Amino acid sequence: MRIHETAVNTAVLLALLSVPAFAWWTDEPFTITLATRAAVLALAAVGLNILLGIGGLVSFGHAVFFGLGGYAMAILAFHAQNYTELNLGIGVIDGTNSMPVIWLVAIIVSAITACLIGLLSLRTSGVYFIMITLAFGQMFYYFAISWSTYGGEDGVSIYVRNQFPGLNTLDPIQFFLLCFGLLCFTLFVTARVQRSAFGVALNATRQSRARAEAVGLRPVRLQLVAFALSGAITGLAGALFADLNRFVSPSMFSWQLSGELIVLVIIGGVGRLIGPVIGACVFVALEHLLGGLTEYWHIALGAILLGIVLFGRGGVLGLLTGQDGARV
Amino acid sequence: MSLLEVESLSAHYGPSQALFDVSLSVNAGEVVALMGRNGMGKSTTVKALCRMIASHGELRFAGQSLHCLPSHRVARLGVGLVPEGRRCFASLNVRDNLIAAARPGDWTLISVTALFPRLGERMAQRASTLSGGEQQMLAIGRALMTNPRLLVLDEATEGLAPIIRQEIWAAINTLKRESGLAILLIDKSLNELARVSDRAVILERGRSVWAGEITAMTPDISQQYIGV
Chain A
1 MRIHETAVNT
11 AVLLALLSVP
21 AFAWWTDEPF
31 TITLATRAAV
41 LALAAVGLNI
51 LLGIGGLVSF
61 GHAVFFGLGG
71 YAMAILAFHA
81 QNYTELNLGI
91 GVIDGTNSMP
101 VIWLVAIIVS
111 AITACLIGLL
121 SLRTSGVYFI
131 MITLAFGQMF
141 YYFAISWSTY
151 GGEDGVSIYV
161 RNQFPGLNTL
171 DPIQFFLLCF
181 GLLCFTLFVT
191 ARVQRSAFGV
201 ALNATRQSRA
211 RAEAVGLRPV
221 RLQLVAFALS
231 GAITGLAGAL
241 FADLNRFVSP
251 SMFSWQLSGE
261 LIVLVIIGGV
271 GRLIGPVIGA
281 CVFVALEHLL
291 GGLTEYWHIA
301 LGAILLGIVL
311 FGRGGVLGLL
321 TGQDGARV
Chain B
1 MSLLEVESLS
11 AHYGPSQALF
21 DVSLSVNAGE
31 VVALMGRNGM
41 GKSTTVKALC
51 RMIASHGELR
61 FAGQSLHCLP
71 SHRVARLGVG
81 LVPEGRRCFA
91 SLNVRDNLIA
101 AARPGDWTLI
111 SVTALFPRLG
121 ERMAQRASTL
131 SGGEQQMLAI
141 GRALMTNPRL
151 LVLDEATEGL
161 APIIRQEIWA
171 AINTLKRESG
181 LAILLIDKSL
191 NELARVSDRA
201 VILERGRSVW
211 AGEITAMTPD
221 ISQQYIGV
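Just so you know, the protein sequences line up as chains A and B, in that order. For the record, in the first sequence the residue sitting at position 34 is 34 according to my numbering, with numbers rising by one throughout. For the record, in the second sequence the residue sitting at position 200 is 200 according to my numbering, with numbers rising by one throughout.
Treat the hints with care, since some could be wrong.
What the hints assert, rightly or not - Far from chain B, by Cβ distances over 12 Å, these chain A residues were calculated: (1) W24; (2) P165; (3) T186; (4) L306.
Said to hold, decoys possible - On the chain A side, residues computed to face chain B include the following (Cβ under 7 Å): (5) A197; (6) V200; (7) A204; (8) Q207; (9) R209; (10) R211; (11) E213; (12) A214; (13) V215; (14) G216; (15) G312.
Stated by the list, open to error - If you anchor each label on the Cβ, the simulated ranges turn out as follows: (16) B:A62 <-> A:R218: 38 to 44 Å; (17) B:G159 <-> A:G291: 55 to 61 Å; (18) B:R177 <-> A:I108: 51 to 57 Å; (19) B:A124 <-> A:A11: 20 to 26 Å; (20) B:N38 <-> A:I108: 55 to 61 Å.
Don't read these hints as lab results, they were simulated from the structure. Note that the structure is predicted; figures quoted are calculated from it, not measured. For glycine and all other residues, C-beta sits at the position ideal for the given N, C-alpha and C.
Given only the sequences and the hints, what does the whole structure look like? Please build it.
See the structure below:
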């Protein structure tokens, strides 16, 4: 039986939203943290999905933006909790533990970095694009390892979660609702982008760069804007992830994380609005359920990925709705 | 001054030279047929004109040199291409194919669907699921959505059923009569070309060998260069 995609989208979001009630009913409060982790990873994958699903660009260095968001949060919060000033070279500022300010910084830093990386990497295509984004990811990873001011390989711990006006972010349910709200808002924005003239033109560029140019579109400019938007969303997710764990380390820049983000998008359904959310939920569920049984739980994840790539190109969402392939 | 001026145009595919000193011009509001047998350089001329391949020689559109311009700039200057083989954006629906190309001007979704009512009935349908004729209409509509001053139609009726070809020719006639667009036409249907075109340019082995009023093209010339 084929299910309408809108019904699946609604059901997935309602299921994720109902996790706190489930946690209260089963007296398993840790489930809320798992749902928050799924929401944050979903947000990062939603960002990647703009580039991968609509733009057709396989970025193997998207952890750069996730890590930048995380380190933006950690550096600002580190200086706020230690009452020290942050020297930017051109001036000195105070740290902050205000989430909105941290998010804004994470978004701006990630978007600017994405523009710079995009300017270089979009000169290439195919496997060279994948390799150049991977190379940028490794550059940032090794820079973080050698950055002793902020813990180097050991990373930075933040003792108290940052604050959001009107909310007690230490309460798991309130922090989950904050992350879930941001995820829903980003999904709404992404849906609008997909249907906009920009989204349609980006999709056309994905199908044929030469054909797009022949009708007056500028592929590199479109892809650069998509890169910046995608990086900004993934950077925001990185800041939330760091706040969730109250810890950042160079692993947030690792190529394994970039690969996992791609896996999330593929499992859920490339180019599908809610695909990354499904992918993140499947990933976190497997990590929790199988990770307790064996440290080799990634084998199960690999088997699922293999099955989807071979038999269901539309991901889990494609299997449910009976529509294969990227559809945006 | 002509809208499009091509002088001494040459182009290569790797080491092979495909065009040798091709010259042609298209005036505003004029329909020019680019004729010749298969493999004589008609589509290569179009690709060079749209800057899809590198070329040498004079290429001017509305007085501006097209050399050194990327193909998207040529399209934005007002050269609307309907490529050989339609080449629609397969996974986009009809509406999105048209919107992707849209530039400000008289041609809008409403005016394109007025020209091709079939497209209006299939707005939400994916381009890959359209018939060949409908895809051709979509390719023409997409080029019109760029609001061009020159429409270049490369084999716009190739491989279509006779009844669909009639529809396409009727649309081209309407464009000529009502829009005042300049049109550069490549097609195998000599009778239709003769009815629609004002002038013709014939290519032979990558060279422009004859140019003139379509009415001045005698059966001898047609037989010699086109084989019909």
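Hint check results:
1. With 12 Å as the threshold on Cβ separation, the claim that W24 of chain A sits away from chain B holds: the shortest Cβ distance comes to roughly 44 Å.
2. With a least CB separation of 40 Å from chain B, P165 of chain A remains clear of the 12 Å interface cut-off, as annotated.
3. The Cβ of T186 of chain A sits about 22 Å from the closest Cβ of chain B, beyond the 12 Å cut-off, so the non-interface label holds.
4. No beta-carbon of chain B is positioned within 12 Å of the beta-carbon of L306 of chain A; the least distance is around 25 Å.
5. Hint status for A197 of chain A: holds, given a least beta-carbon distance of 6 Å to chain B, under 7 Å.
6. Hint status for V200 of chain A relative to chain B: holds, with the closest Cβ pair at about 5 Å, below 7 Å.
7. Here the hint on A204 of chain A is kept, as its CB sits about 4 Å from the closest CB of chain B, short of 7 Å.
8. The beta carbon of Q207 of chain A comes within 5 Å of a beta carbon in chain B, closer than 7 Å, and the hint placing it at the interface holds.
9. Interface restraint check: R209 of chain A against chain B, minimum CB-CB distance 10 Å, threshold 7 Å, status violated.
10. At about 5 Å, the closest approach between the beta carbon of R211 of chain A and any beta carbon in chain B falls short of 7 Å, and the interface hint on this residue holds.
11. Contact between E213 of chain A and chain B, as hinted, is supported at the beta carbon level, the nearest pair being about 4 Å apart and thus within 7 Å.
12. With 7 Å as the threshold, the beta carbon of A214 of chain A comes within range of chain B, its nearest partner Cβ sitting at about 5 Å, so the hint holds.
13. Taking 7 Å as the C-beta cut-off, the interface hint given for V215 of chain A holds, the closest approach to chain B being about 4 Å.
14. This hint holds: G216 of chain A has a C-beta 4 Å from the nearest C-beta of chain B, less than the 7 Å allowed.
15. This hint is violated: G312 of chain A has a C-beta 18 Å from the nearest C-beta of chain B, more than the 7 Å allowed.
16. For the pair A62 of chain B and R218 of chain A, the beta carbons lie near 20 Å from each other, so the given range of 38 to 44 Å is not met.
17. For the pair G159 of chain B and G291 of chain A, the beta carbons lie near 57 Å from each other, so the given range of 55 to 61 Å is met.
18. Remark: the range hint 51 to 57 Å for R177 of chain B to I108 of chain A is upheld by a beta-carbon distance near 55 Å.
19. Taking 20 to 26 Å as the suggested C-beta distance range, the pair A124 of chain B and A11 of chain A conforms, at roughly 24 Å.
20. At about 57 Å, the beta-carbon gap between N38 of chain B and I108 of chain A stays in the expected band of 55 to 61 Å.
Violation of the numbered hints given earlier is confined to hints 9, 15 and 16; the remaining hints are satisfied by the structure.
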